[in-house]
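Just so you know, the sequences run in chain order A and B.
Residue numbering for the first sequence follows our numbering, starting at 1 and increasing by one per position.
Residue numbering for the second sequence follows our numbering, starting at 1 and increasing by one per position.
The set of hints was computed from the structure by calculation and includes no laboratory data.
One should not assume that every hint holds.
With a Cα cut of at most 25 angstroms, we get these calculated DSS-like pairs of lysine-lysine [stated by the list, open to error]:
1. B:K66 - B:K210
2. B:K110 - B:K135
3. B:K87 - B:K110
4. B:K88 - B:K128
5. B:K110 - B:K128
6. A:K448 - A:K437
7. A:K19 - B:K66
8. B:K88 - B:K135
9. B:K87 - A:K19
10. A:K137 - A:K180
11. A:K448 - B:K207
12. A:K19 - B:K128
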Amino acid sequence: MRKILHVARREFAATVLTKGFIIGMLVTPAVIGVVVIVFPRMINRNPPRIVGEIAVIDPTGRVSDTLREYLRPERFLERRRALQRRASEALPGAWKKAAGSPAAEAAVQQQVEAALGQVPQIDVVVLNAATDLEQAKAPLRAAGGGESRRLALVVVHPDAVHREEGKQRFGSYDLFVHGKLDDRLEDDIRNGLREAIVEARIRAYGLNRDEIEALTSVERLPSRMVTEEGERDTSRALNLLLPAAFMVLLLISVMTSGQYLLTSTVEEKSNRVVEVLLSAVSPMELMTGKILGQMAVGFLVLAVYAGLGAVALLSFAMLGLLDPVLIVCMFVFFVLAYFTIGSFMAATGSAVNELREAQTLMTPVMLLIMIPWILWLPISREPNSLLAVVLSFVPPVGNFVVLLRMASSAPPPMWQVGLSMLSSAAGAAVALWFAAKVFRIGLLMFGKPPSLGTLIRWARMS
Amino acid sequence: MGDAIVLRNVTKTFGDIVAVRDLDLVVPQGALYGFIGPNGAGKTTTIRMILSIMFPDRGELSVLGKRSALEAKDRIGYLPEERGLYKKMRVADFLVYVGRLKGVDGSGLKQRVHEWLERVGLAAAASKRCEELSKGMQQKVQFVAAVIHRPDLLILDEPFSGLDPVSQRLVRELVLEEHGRGCTVLFSTHIMVHAEQLCDRVVMIHKGAKVLDETIAAIRARFDPRSLIFEPLDPAADVAPLEAVAGVKKVRRDGAAWEIALAQGADAAAVIRSLAGAVAPARIELRRPTLEDVFVGIVEGGALQAGDEGARLRASVRDDGEMPAAKP
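Put together the whole structure using the sequences plus the hints.
Laid out in structure tokens, this is it:
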């Protein structure tokens, strides 16, 4: 037992105290950080500044003025600020507080001023109702164009504001756009036209717009999740993402430590250090020590990432979303999944001469592990479907699937969790047995890389 | 004193190949045994079975009085033929690790590692990574790893392969020192000269079967070729008078010298005196059998001959340690 611990300790230290590991541990959060924080800024900060004109043929004579008003730069800015305000209101507690601080307000103000120069500068040109349509479209065809290039041509239908006799529906408008018109500007144009036409219609029929808006809108308030512990805001995105986060965490930790186990076993074999070790410890002790050592590495990965996740949730004041039972289960599932996959990795590592040869043997395992990843959406949407239930009991996939289901909005009954753990434990035991057999034979075999069939034959030998 | 290693009728096959066939081997405690034979004779397989790294298909073995080496691992030192180090590990850390695996504990271990590194001239390399060492230095570290726990039984598989002559001498001294401490040593080599220089006794195997198991002295007596080497003072001298000396059976040219076969029952001392009188000698010596001769003789069916097969066999056991060594 003491020897096993010595092997485990070396294995752990040799893995964790390398630059590769430390950088690897930091890279993943860094990449997530880049994706979440930096990318959106890079995308939003510099929208292309649009300058140009929009031509309007307006037989009703009542649409173009409102449209022009709608497309003024100041109005663009107002709409953007309103959007920002709505977005920050949707943010959860702590974040909102930060966003509402004076410093943040000042930063927002600065951004707004900078953005003023970036909002589209649109001229609305009203063409004579009798203008030839083809002639009006011609500037749209011109490639490129200078400052005052035509971006779009709007042809308002004559019955857009006044319904024709005997017709149920109002007329609309035709929109012709330049080939390279930004789709966001097209949305703005359409919104402006809708606004202008509705305004004109309401006025034409002598109605009160505010009254109509009040009548037709029902405020959509956020739903509240009621649980035994109390109430809290529901978050749809989190309901979908949280299970995935758990599963990915499990997958990352299992694969990281499994991969290290494979690499270190192949290294020991190809370095020819293995026979020195075998004169001091039995193959079983060596394998157990290595598996335990790398399990500690997996625990470290799991603890660091789970800790980071908890800190992130804490900063959003959403720590309540984390169920401690779920975290305990995650560690249990980690152990089970790791033993299954780790055993196979150790066996593979012992059987091959170099890492390249291991890839062929690893492919089926990798595919197996990818199943829950591929089925993430169907399983988290329908956590109790037949597929999800059946997969829960198939080791080593079951661990991932059950965790996904447990973190979803409709957790499986506890007996299923228990049964899944049992089946995984049985799977892990079989994998360990298999690995022990292969490991003993494989370690001292050099030469032609074995196939999966050879490994199975070794396991059945002796 | 008991026997350190006992093998009885041990057989090991790999598929159709019989690697070791009905091998009997007894190594008494405190002995220095050479385990010799050409490459592929079954030496490494036998050693691995002694160490319980492999298990025999048939037969019994005991090591240091135990049924399996697994029960006595901490008392055995082993230098495998295929040996390596952890590339990224520091030399002293590696030796401490191996020492711990061998059951040595406490602060004394670090001190011991330090002393050993000093002994083999690697004190300055203690904190270097193993990959930074030269091949010869790595071999020394591996040797230290085999003896760091002061084993009662030391098994060395081709300990001299890949070593330069200076390192070979150092390892030879260290082996003799371990032996002097009371450690039983079994070492394998395919280079017979190494065995001749070191051992009290050799076991020779060929194609998995034991063909010889005797002390060096007994081998010399048994395989005495009963011939002399005679080198005349004047290289151009006429050697015809030599044939006339009583007790001389035949005179045959052997390079710059002459090989003189003695007749049955002839007294070597008397013949030497007469030869010196017949032709002025630069050198006269009694030819002693080398293990190489013995080996070739045994394999080829008794007589010492020098055919093509003999030359091939000789070449296989005469490499001077400059063999391409195992990849690090």
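Here is what the structure says about each hint:
1. B:K66 - B:K210: 23 angstroms, holds
2. B:K110 - B:K135: 24 angstroms, holds
3. B:K87 - B:K110: With a Cα-Cα distance of about 20 angstroms, the restraint between K87 (chain B) and K110 (chain B) holds, given a limit of 25 angstroms.
4. B:K88 - B:K128: Answer holds: K88 (chain B) to K128 (chain B) is near 9 angstroms, not above 25 angstroms.
5. B:K110 - B:K128: 15 angstroms, holds
6. A:K448 - A:K437: 19 angstroms, holds
7. A:K19 - B:K66: 45 angstroms, violated
8. B:K88 - B:K135: Answer holds: K88 (chain B) to K135 (chain B) is near 15 angstroms, not above 25 angstroms.
9. B:K87 - A:K19: 15 angstroms, holds
10. A:K137 - A:K180: 15 angstroms, holds
11. A:K448 - B:K207: Status holds; Cα separation ~24 angstroms.
12. A:K19 - B:K128: 17 angstroms, holds
Violated hints amount to a single one, hint 7; each of the other numbered hints is respected by the structure.
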